[in-house]
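> This is what each chain is made of:
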Amino acid sequence: AQKITQTQPGMFVQEKEAVTLDCTYDTSDPSYGLFWYKQPSSGEMIFLIYQGSYDQQNATEGRYSLNFQKARKSANLVISASQLGDSAMYFCAMREVPQGGSEKLVFGKGMKLTVNP
Amino acid sequence: DVKVTQSSRYLVKRTGEKVFLECVQDMDHENMFWYRQDPGLGLRLIYFSYDVKMKEKGDIPEGYSVSREKKERFSLILESASTNQTSMYLCASIGLPSSYEQYFGPGTRLTVT
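Chains as they are written, first to last, in the numbering used here: chain A, 47 to 163; chain B, 1396 to 1508.
Same shape as in the complex, but just chain A (with noise of 0.2 Å):
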């Protein structure tokens, strides 16, 4: 089974408005991280955010923000205010250390945003 799911395969927006792109996840583990990362065109993986399981509250960082659903098991980012170069794919990972393993970080399959001028 999946443990990271992303159902949007590609988004469209216009140039200043909000998107969210939606993520979620599955793990039995009470203690676990959720990581979204943007790949532009030029191929690298570029971190975005972080929230951890045990964090009261949501990530936020610059345009970017983490709406986390402890319950629902979701983790959705929203960027506000779109631009031009937050055209990417975009990914969903989740930490895991299985038992008796080491941690290590499971993708989702990510989804093409594009910003429209």
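Check the hints yourself; a few may be wrong.
[To be verified] Cβ pair distances, simulated, as ranges:
id : chain 1 : residue 1 : chain 2 : residue 2 : range
1  : B       : S1462     : A       : K62       : 44 to 54 Å
2  : A       : F93       : B       : E1457     : 28 to 38 Å
3  : A       : Y100      : B       : T1481     : 33 to 43 Å
4  : A       : S126      : B       : G1411     : 48 to 58 Å
5  : B       : K1413     : A       : S126      : 45 to 55 Å
6  : B       : G1411     : A       : K116      : 41 to 51 Å
7  : B       : T1481     : A       : K116      : 36 to 46 Å
8  : A       : N162      : B       : E1417     : 38 to 48 Å
Keep in mind that the hints were calculated from the coordinates and are not lab data.
From the three backbone atoms N, C-alpha and C, an ideal C-beta is built for every residue, glycine too.
Knowing the structure of chain A, use the given hints to seat chain B on it.
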């Protein structure tokens, strides 16, 4: 401000060749990872290492091996390259427990003909 480097951005190899992909990080991180990225499949973990000479299989280790002789260097080896290993390969490192951020290299686009 270079953190994670990979030996090649683009590589073309023939079927059956032995291929080495090198990754070096300058942050003294313990954990290093190799992923492959394919359209529609996201990033899939091949192998990772949490210490020198230590390695663990990820989700798709078949056809690959790794080497970690020094802390800063983590190599991915394709013993006998096949066309289905044509992909983008990404290396990453993370400095636990002080930091949760995973730093990625620029990627190596490997084509096996």
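> Does each hint hold? Answer for all of them.
Status of each hint after checking the structure:
1. B:S1462 with A:K62: 44 to 54 Å: holds, 49 Å
2. A:F93 with B:E1457: 28 to 38 Å: Holds, since F93 of chain A and E1457 of chain B (Cβ atoms, about 29 Å apart) stay within the stated range.
3. A:Y100 with B:T1481: 33 to 43 Å: holds, 41 Å
4. A:S126 with B:G1411: 48 to 58 Å: holds, 51 Å
5. B:K1413 with A:S126: 45 to 55 Å: holds, 49 Å
6. B:G1411 with A:K116: 41 to 51 Å: With Cβ atoms ~50 Å apart, the hint holds.
7. B:T1481 with A:K116: 36 to 46 Å: The hint (36 to 46 Å, Cβ to Cβ) holds, given that T1481 of chain B and K116 of chain A are roughly 40 Å apart.
8. A:N162 with B:E1417: 38 to 48 Å: The hint (38 to 48 Å, Cβ to Cβ) holds, given that N162 of chain A and E1417 of chain B are roughly 40 Å apart.
Every hint from the earlier list agrees with this structure, and none is contradicted.
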